[in-house]
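Enquirer: For the protein sequence lines, the chains are A and B, in the order given.
Residue 1253 in this note's numbering sits at position 349 of the first sequence, with consecutive numbering throughout.
Residue 922 in this note's numbering sits at position 18 of the second sequence, with consecutive numbering throughout.
Worth flagging that the hints you see were computed from the coordinates, not collected in a lab.
This structure is a prediction, so every number in the text was calculated from the model and none was measured.
It is possible that some hints are incorrect.
Because identical chains share one entry, a pair is satisfied inside a single copy or across any pair of copies.
Claimed, not checked - Computed list of lysine-lysine pairs in BS3-like fashion (alpha-carbon distance at most 30 Å, straight line):
| id | residue 1 | residue 2 |
| --- | --- | --- |
| 1 | K933 | K1332 |
| 2 | K1354 | K1241 |
| 3 | K1377 | K1332 |
| 4 | K1241 | K1031 |
| 5 | K1241 | K1161 |
| 6 | K1031 | K933 |
| 7 | K1220 | K1325 |
| 8 | K1267 | K1211 |
| 9 | K1280 | K968 |
| 10 | K1054 | K987 |
| 11 | K1031 | K1054 |
Protein chains: 2
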Amino acid sequence: MTKSEKEYVRELTPMSQDYAQWYVDVVRKADLADYSTIRGCMVIKPYGYALWENLRDALDRRIKATGHLNAYFPLFVPESLLKLEASHVAGFAPEVAWVTHGGEEKLEERLAIRPTSEAIIGSVYAKWVQSYRDLPILINQWANVVRWEKRTRLFLRTSEFLWQEGHTCHRTYEEAQEETLRMLEVYREFAETELAMPVVAGAKTESERFAGALETFAIEAMMSDRQALQAGTSHNLGQNFAKVFGIKFLDVDNEEKYVWQTSWGVSTRLIGGVVMVHGDDDGLQLPPRMAPYQAVVVPITMGEKTKAAVLEASRKAVDILRGAGVRTHFDDRDNLKPGFKFNEWEMRGVPLRIEVGPKDVEKDQAVVARRIDRKKQFVKTEELAQAVVAQLDAIQREMLEAAQRFLREHTHRAKTYEEFKEIIEGPKGFIEAGWDGSAETEAQIKEETKATIRCIPLQGSEPDGLVDLVSGKPAKHKVLFARAY
Amino acid sequence: MTKSEKEYVRELTPMSQDYAQWYVDVVRKADLADYSTIRGCMVIKPYGYALWENLRDALDRRIKATGHLNAYFPLFVPESLLKLEASHVAGFAPEVAWVTHGGEEKLEERLAIRPTSEAIIGSVYAKWVQSYRDLPILINQWANVVRWEKRTRLFLRTSEFLWQEGHTCHRTYEEAQEETLRMLEVYREFAETELAMPVVAGAKTESERFAGALETFAIEAMMSDRQALQAGTSHNLGQNFAKVFGIKFLDVDNEEKYVWQTSWGVSTRLIGGVVMVHGDDDGLQLPPRMAPYQAVVVPITMGEKTKAAVLEASRKAVDILRGAGVRTHFDDRDNLKPGFKFNEWEMRGVPLRIEVGPKDVEKDQAVVARRIDRKKQFVKTEELAQAVVAQLDAIQREMLEAAQRFLREHTHRAKTYEEFKEIIEGPKGFIEAGWDGSAETEAQIKEETKATIRCIPLQGSEPDGLVDLVSGKPAKHKVLFARAY
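Make the full structure from the sequences, and use the hints.
Expert: Next up, the structure:
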């Protein structure tokens, strides 16, 4: 690929020069999303939305397979309902958008646009639950939510975003805890299998807990700038909401009890994660299982003599691939050169490019080029379907392995606060360190280094004889620190 | 079925006694939806939402097959944008919910929650379109919208509802008109094929036109109370929005021109249509293609001796049907009698009930009972899959045929206003009559009879020598009148 061909597509800001600008460039130039005229609200463009549809469908299958049903609850939460759970409203009030008028009339009570739906759903569940026979309630909702954010970034933090939120009710604490961890595991497996995004699953500290929850768990991914992204959360809500909304049931022992609840969610933020885990200086790289187009066929027409034959062979390749279930785009635009198209589809992260030129027509073959390492391979037409399907599987696996390697290589251990500071200012990444469990230590480290405790990992949080970085006391847990989005 | 068994399920209000109450009873008792504490907002329960998912997916396939891509635009429309198209804002302002505060701050400009998205999408398209090469733009959005309705009814008219809205841009009027009619036809075919709901497709008169459109088309269905339901609309927006939002392109002739636009939508209202086209005094009847459960298997356990064998045979029937791709529910609730279950699943409209009792186990068979006419049939286990699949096809066809017959039988022709009034007060239904094209006639008939012109049918609107019902002038069109939801 020559320099002049590269110039067909406007250059992206190199990651090394300005990572934040690189991110925005990729999101916009790969046509995933763009800002709108409304502060902090984005337009998700067709290519970005197709990616979201693939994520959504893959996760929705898992949510249903674990026994949950989808439903839909109102967009509005009356102010009085939102205020019932004190820590919940304290957490969300600063970022709520308020509806005050319907038509020409002033409303008697302000309505919040849901920042999350615990309050509105809790008030409904109170009517649905009477007996232990009504439990568990296992419901999920796909919806838009609004949080009036001061500083926004496409996909990562926007005033409106799309997400799913599961809301369940159970007989006992143990059942609720089991559900909380089950859905955390669904998220972990989904992120790794579908997004090729390895994550660390663990519990949040008290200061990072969801407003109103007993316990919050999260999956944390590592972006290519070695910062952490919280990619999904699962909360054991205990009986906090049940008590204020009156969600009670008559138990087997004939006693009236409050239900135990969970909630859990992932959002369009995951798309930002995919961009930052897999992208490079040439743009996006999409894991094959989620890519809107898994392959793009580009005819290389050179002169009128062979054009018809090239187009025919290209069209045949498209048909073969679609017949094999490969999501295939045919780029037969007549006014653009192949070099421009190569760059464009690399920028948009299509895993495989299939080139068909006059020579290939002669030899009854096609060129199959991989986005992740540019490796090219000549494939006979009759073997095309099989080769492409195999390549897509291989690429998915290689992308996960590369991301796992990256996460491993950039996970450090610090025994002293000095070491910790050197790592956080130098190589960055995840840092395993001892923590005595105190909010003071956590706050001081955050203040001084901008690193936060991402989670107390579900696996491997034994203190291992470590001491707290600040207090020097024996560590209660080995925890994971990082700077985060 | 004995009376006492019937009583297990609370009785529905008979249609003949109070149709409106029957409708609400069915929607609530069949567990489709319920009111929330927020005025006019409904909770779509899992069973209703599963029905919506089936509708959505079946329509989404058609929208994509006709070349459209999904995208997502902001929930908010700044007041200044909404006001740009004068007739548009006049049509929607009375029912807009306004956001005035974000967090603690008063917003500089009020934001409307989208009642429809022409304004916000138009402002975005203005940035996307530059050249004729950018056209056509063929985009669809699945979203929630809010219209602050004074009088609401579950699914039919709610303050918040779910819908899809297509928004397209074209080079010429002709292309826009072609698109408008293409999507109208997609809706017609979808309603008939999937919902077993026959419709009349036609143009709306000026007074019933979408606020801001050049021309509006609709599909009109007949409910079982012989009133009309507008089930979907498709608008040719002309250049009205293009001019106020500045959506311009450089055409092949190097001249700058405004695009021609369309928009089209159907909503959760369709669920209300399904209820009122197919329901009866025993509840809901769902067309098999859309039913969340196409079959429910009910074990008839009588005494402990045969219980295990009955449950095992029932479970086997479930596996066989699921293996054949039939959406099957296994009702193995232990605390309810079969009679109660029969009534419940009839009320919830499941097309086929599969009963398995001790006698059936002996004979290696099952009883297959149809919801639409209660006909029962004994089927050998080895033929079960084939028989059920065939029955589901047959029921879908029979439901459509019955609805078509009903629509035909309740479509009348009136040559004089006297005849017209007799029909509208008596048998009701659709009335074909002459119309001179004047708004005066239309308004007078609406005022005096509550009947409106539902549409000028695409097929069969030749005046046929008819005269206008009121003015007596020669008719311009033969149009379709009815009272409507």
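Enquirer: Are the hints correct? Go through all of them and say.
Expert: Hint by hint, here is what the structure shows:
Taking CA atoms no more than 30 Å apart as the test, K933 paired with K1332 passes inside one copy only; the shortest distance there is 28 Å, against 58 Å between copies. Taking the shortest alpha-carbon separations for K1354 and K1241, neither the intra-copy value of 47 Å nor the inter-copy value of 63 Å comes in at or below 30 Å. Only within a single protomer do K1377 and K1332 lie at most 30 Å apart by alpha-carbon distance; the minimum there is 25 Å, versus 84 Å between protomers. In this assembly of identical chains, K1241 and K1031 lie within 30 Å of each other by CA distance solely across copies; the values are 25 Å between and 63 Å within a copy.
In this assembly of identical chains, the alpha carbons of K1241 and K1161 lie at most 30 Å apart only when taken from different copies (28 Å versus 70 Å within one copy). When the C-alpha separation of K1031 and K933 is checked against a cutoff of 30 Å, the pair qualifies only between copies, where the shortest distance is 14 Å, while the shortest distance within a copy is 49 Å. For the homomeric pair K1220 and K1325, neither the shortest alpha-carbon distance inside one copy (58 Å) nor that between copies (63 Å) is at most 30 Å. When the C-alpha separation of K1267 and K1211 is checked against a cutoff of 30 Å, the pair qualifies only within one copy, where the shortest distance is 16 Å, while the shortest distance between copies is 68 Å.
Taking the closest pair of Cα atoms, K1280 and K968 never come within 30 Å of each other, the shortest separation being 40 Å inside a single copy and 32 Å across copies. Taking CA atoms no more than 30 Å apart as the test, K1054 paired with K987 passes in both settings, with 22 Å inside one copy and 27 Å between copies. For the identical chains of this complex, K1031 and K1054 are inter-copy neighbours only, at 25 Å across copies versus 37 Å inside a copy, given an alpha-carbon limit of 30 Å.
In summary, the structure is inconsistent with hints 2, 7 and 9 from the numbered list given earlier, while agreeing with the others.
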